[in-house]
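Using the hints provided, position chain B relative to the given structure of chain A.
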Amino acid sequence: MHNFEFVKPSSIADAVAALRQEDAQALSGGQTLMPTMKQRLAAPSVLVSLTGIAEMKGIRASGGVVEIGAATTHAEVAAGAGAYPALTALAGNIGDPAVRNRGTIGGSLANNDPAADYPAAALASGATIVTNAREIAADDFFQGLFTTALEEGEIITAVRFPVPERAAYAKFQQPASRFALTGAFVAKTSAGVRVAITGAGEDGVFRWTDAEAALSGNFSAAVLNGLAAPEDGLIGDLHGTPAYRANLVKVMTQRAVAAA
Amino acid sequence: MPKDQGIGASSKRREDVRFLTGRGVYTDDLSLHGQTHAVFVRSTVAHGRIKAIDTAAAAAMPGVLAVFTGEDFKDMGGNPAGWLINSRNGEPMREPKRPVLAHGKVRHVGDAYAAVVAETFQQAKDAAQQLADDSDIEELPAIVDMAAALADSSNRVHDEIPDNQCFDWGWIEDNRAAVDAAIKAAPHVTTLELVNNRLVPNAMEPRASIGEYFPGTGDYKLTTTSQNPHLHRLLIAAFVMGMPENKLTVVAPDVGGGFGSKIYHYGEEAVVLAAAKKLARPVRWTAERSESFLSDAHGRDHVTKIELACEKDGTFIAFRTETMANVGAYLSNFSTATPTFLHGTLMAGPYKVPNVYVNVKTVFTNTAPVDAYRGAGRPEATFSLERVIDKMCRELGLDPFEVRRKNLLTKDMFPYTTPVGLAYDTGDYHATLDKAMAMADVAGFEARRAESAKKGKLRGMGLSTWIEACGIAPSNLVGVLGSRVGLYDAATVRVNATGNISVMTGAHSHGQGHETVFAQIVAEKLGVPEASVEIVHGDTSKIPFGMGSYGSRSLAVCGSAMNRAVDKIIAKGKKIAAHMLEAAEDDITFENGNFSVAGTDKAKSFGEIAFSAYVPHNYPLETLEPGLEETAFYDPANFTYPAGAYICEVEVDPDTGKVDVAAFYCADDFGNVMNPMIVEGQVHGGVGQGIGQALCENTSYDESGQLLSGSYMDYAMPRADDVPFYNVDYSCQTPCTHNPLGVKGCGEAGAIGSPPAVVNAVIDALHRGGHTHVTHIDMPVSPSRVWSAING
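Respectively, the protein sequence lines represent chains A and B. Anchor point for the first sequence: position 131 equals 131 in this note's numbering, and the numbering is continuous, going up by one each time. Anchor point for the second sequence: position 405 equals 405 in this note's numbering, and the numbering is continuous, going up by one each time.
Next up, chain A with everything else stripped away, as it sits in the complex (with noise of 0.2 Å):
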């Protein structure tokens, strides 16, 4: 690891101030960048703690949305969401205890790890990505791997999730890393059925709009049954061939819809 320095400001104002300055980068809970800085692949000037700002901070429900502080912890949304049982059952799985008790969803949405869990709550719910500036829908904050429509030195402040009348994540694991092999988020609304893959796309978190048409229709694991998801644009790699993960985000979206 390289020197920097490291501040944490109280507002998000001062945040931003900060995050003018050369080399500056966002620091929330660490849990990629840590890492990443101790292998000499980043080597920020400046750290601008996001952790120490209360506004940032916290689990509002009213109206039918839960409103999520960027700078809440996972475990956090996994004890506190709880107007949002999907996510908090998937809070509750990412990583480890120890993971689970740094990271922060706002990090983990702007840091848009492919194999990332959020993101495909966030997409699924049709979430707003609220930041400093402006808000932004989840359909046009995801922008491919490790790629959001965040602008250099924008922070997400909060996200507003609107509670589905259903919803289920499931979750295939990766052996070694144990992030999402391929991990389906379900959500059924009034105004139909989002279906959000995550770690199998090649750019990242996608839609699978065959199986949202057909759960439209139907909503049951069964309706999927004679739908195949492409393969075209998913991940090959050690874990998975793209045919596998096809089959994953299949058998992962089918378990979703019988437990949402």
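Since the hints were made in silico from the structure, they are not lab data. Hints may contain errors.
Unchecked claim - Taking lysine to any residue pairs in the SDA-like style, the calculated list, with each CA pair at most 20 Å apart, reads:
no., chain 1, residue 1, chain 2, residue 2
1, B, LYS125, A, ASN132
2, B, LYS457, A, ALA258
3, B, LYS457, A, ALA221
4, B, LYS125, A, ALA221
5, A, LYS38, B, GLY456
6, A, LYS57, A, GLN143
7, A, LYS38, B, SER292
8, B, LYS658, A, ILE235
9, A, LYS250, B, SER292
10, A, LYS38, B, GLN129
11, B, LYS454, A, ALA221
12, B, LYS125, A, THR36
13, B, LYS658, A, ALA243
14, B, LYS125, A, ALA258
15, A, LYS38, B, TYR712
16, B, LYS455, A, GLU231
17, A, LYS250, B, GLY792
18, A, LYS250, B, SER788
Unchecked claim - From the structure, some residues in chain A lie toward chain B, with a derived Cβ separation under 10 Å:
no., residue
19, ASN3
20, PHE4
21, GLN174
22, PRO175
23, ALA176
24, LEU181
Fair warning: this is a prediction, and the values are worked out from it, not measured in the lab. Just so it is clear, CB atoms sit at the ideal spot from N, CA and C, and this is done for glycine as well.
Just chain B now, kept in the frame of chain A:
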């Protein structure tokens, strides 16, 4: 009622108090005055020619004290292979020099070719990066696939070895014609091609070394992660650096696991010693985990074709194997013994089989060196045999339990000489098979399978009847077989003046629990409390000599040396007692810690004898020396032969291919058991590693020789939820006939016997589930491989 101390008691592991409370002292925990930090520059290409390394910029960086390249060490000796193997045609193996730092060429990703020593770790790290940037290395085509390496003489790992072959070994060559004829004439032959997957050892503590040099005396000291400090001293002093052994002390303090990988001498150790001399300051290095993945000696990596010839009723007629064994880029110290004498000699298994022939070609590739890893050769032999037997049973519609029962050696056949050169001294393989079947409730399997089916899961049961040769090793025999060392061991038992005891053993405990078990044995024999016995190991300046711990040898060999030294203590005690009690030495008996004159009530306690030995007032000094300390060396007459039967039950999810180990049963014969709790722990750990090999661990190099599974993000270690609750039994005991404790060794058993039981269970589950086209899946039997096999 169970004993509460001594032989056979489940004494709690005394060393765990410090390990579990963070008070262990590992190499990296030491902080020395004036210490400096070494960082190694490692090749990022699998194969390359070093054109130039410009050290100027790195040497001028802040805090940098010294920069080394292969050029600085080119006149030093090579790190040798410990065994000389001859090819079938009589030619000796090709043994390329293994330099301290790569010189001329780099031969695998992670091959260290330069080093920086600086005041701080960060400064050394910065300069190492600079040195890497300033190195001109011409990348050459990588040699990764073994068959291709043998076929293409235009591309060579070592320029002087045209076909990349180290040797082509036949065992036993005289058997070959008879085996070929037997297979040709046999009513049935089953053939199986399989891979025994390469494993990264993954000791919890990475390798670490501290070199010191004392200019006043010219002495060196190496503190390092070693399973055998004397072997390190011998290799460094006599072979690599060229110094008298009495100028080098090697200390291996607490060591956090080895599994074989810390048997060997590595170049980093010579570099920190040479750097310490140059700077006259301590030089330390601790591997980062990614360095461990790239540069620790890996395990296994065989590609094998095995043929089993049999009668239609499953009676074995012959086994024949052709194996390519990867030795990686250089010969690590035991790399030539592992695929040969620790593998080919076991290829008769525990079976009555008249004809066995083994062929092994060892191949150099641009990958990390491969050497002994828990089990070392014996897991490879067991896996090949137990998998091909299972395949044969399926082909002929025979019951795998009954086929084993029919072919296992019977207990009246011992001692038994196999067609591959070993003499099994004792065993009762039917007893362990019966025990395992009873434990596993084989009769109730169908009901369990039906329950699994209700959940959509395929259930299967797999068996492995395994044997190993351990208690390594009789020096006379291994000398004939090409070993450059003897494999005896030594112990000193020092009774201190106040009656407490220090035992210096050549074994090295890096997690096994020697400090507890050895104290139990000495306490039992001397009739003293365990707490008064202290076990000292891991320091060449304190221990008489020793070959260390591996090959399940510590108890059978080092324990026997200790036992012999204790016998000498008792004999000396009798002399002292005879003097003190004014009796003839022959009339003194020793029992329960008391020396007595037979037939009288005259007696002296062990403590009184010890005190008298060190306060020898009124001693007949002409005939009786003061002191009570004895050293013994012990060289075993034979290997020991633990054996057993393992049964695994799995549930397979056909939708995802995921395998869950539902149950695992071990019935082992380890001979006499010194501490049941520690035996159980060893079996648990071994089976855990075996399940890891069978289901999880995948060391994968791509075509360019890059290690794809170079971190825990991609290298799957078995986790708690990958392993079941183990059921372990060791009540079938046929004590070893040739060592005084009657012990056989239990350290490697689990890793040897378990992988085929797991894979056999998976194949069984798929067949019972109707997927009868699947005859084999290579390890690791990962979800994607199982799913692909089902849907292939």
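Verification of the supplied hints:
1. Taken as a hint, the LYS125(B) and ASN132(A) pair is broken in the structure, with Cα atoms around 38 Å apart against an allowance of 20 Å.
2. Straight-line distance between C-alpha atoms of LYS457(B) and ALA258(A) comes to about 17 Å, which keeps the hinted pair within the 20 Å bound.
3. A C-alpha spacing of about 18 Å is found between LYS457(B) and ALA221(A), which places the hinted pair at or below 20 Å, so the restraint holds.
4. In summary, the hint linking LYS125(B) to ALA221(A) is not supported, as the alpha carbons are separated by about 54 Å, beyond the 20 Å threshold.
5. Taken as a hint, the LYS38(A) and GLY456(B) pair is broken in the structure, with Cα atoms around 44 Å apart against an allowance of 20 Å.
6. Taking the CA atoms of LYS57(A) and GLN143(A), the gap is about 26 Å. The hint is violated against a cut of 20 Å.
7. Note on LYS38(A) and SER292(B): the hinted pairing holds, with a Cα-Cα distance of about 16 Å set against a maximum of 20 Å.
8. At roughly 19 Å between alpha-carbon atoms, LYS658(B) and ILE235(A) fall within 20 Å of each other, so this suggested pair holds.
9. Using a Cα cut-off of 20 Å, the hinted pair LYS250(A) and SER292(B) is violated, with the two alpha carbons roughly 38 Å apart.
10. Our distance criterion of 20 Å between C-alpha atoms is met by LYS38(A) and GLN129(B), whose separation comes to about 14 Å.
11. Restraint check for LYS454(B) and ALA221(A): satisfied, since their Cα atoms lie roughly 18 Å apart, inside the 20 Å limit.
12. Note on LYS125(B) and THR36(A): the hinted pairing holds, with a Cα-Cα distance of about 16 Å set against a maximum of 20 Å.
13. Proximity of LYS658(B) to ALA243(A) is assessed by CA-CA distance (about 16 Å); at most 20 Å being required, the pair is judged to hold.
14. For a cut-off of 20 Å, the pair hint linking LYS125(B) to ALA258(A) is broken: about 52 Å separates their Cα positions.
15. Restraint check for LYS38(A) and TYR712(B): satisfied, since their Cα atoms lie roughly 15 Å apart, inside the 20 Å limit.
16. Simply put, LYS455(B) and GLU231(A) have alpha-carbon atoms about 28 Å apart, too far for the 20 Å limit, and the pair is violated.
17. With a CA separation close to 18 Å, the supplied pair LYS250(A) and GLY792(B) stays within the 20 Å bound.
18. Simply put, LYS250(A) and SER788(B) have alpha-carbon atoms about 15 Å apart, close enough for the 20 Å limit, and the pair holds.
19. For ASN3(A), the suggested interface contact is upheld, since its CB lies about 8 Å from the closest CB of chain B, less than 10 Å.
20. Here the hint on PHE4(A) is broken, as its CB sits about 12 Å from the closest CB of chain B, past 10 Å.
21. For the restraint placing GLN174(A) at the interface with chain B, the shortest Cβ-Cβ distance is roughly 8 Å, inside the 10 Å limit, so the hint holds.
22. For PRO175(A), the shortest C-beta to C-beta distance to chain B is roughly 4 Å, which falls under 10 Å, so the interface hint holds.
23. This hint holds: ALA176(A) has a C-beta 4 Å from the nearest C-beta of chain B, less than the 10 Å allowed.
24. Because the closest C-beta pair between LEU181(A) and chain B is about 8 Å apart, less than 10 Å, the hint holds.
Figure legend: structure checked against the earlier numbered hints; hints not met, in rising order: 1, 4, 5, 6, 9, 14, 16 and 20.
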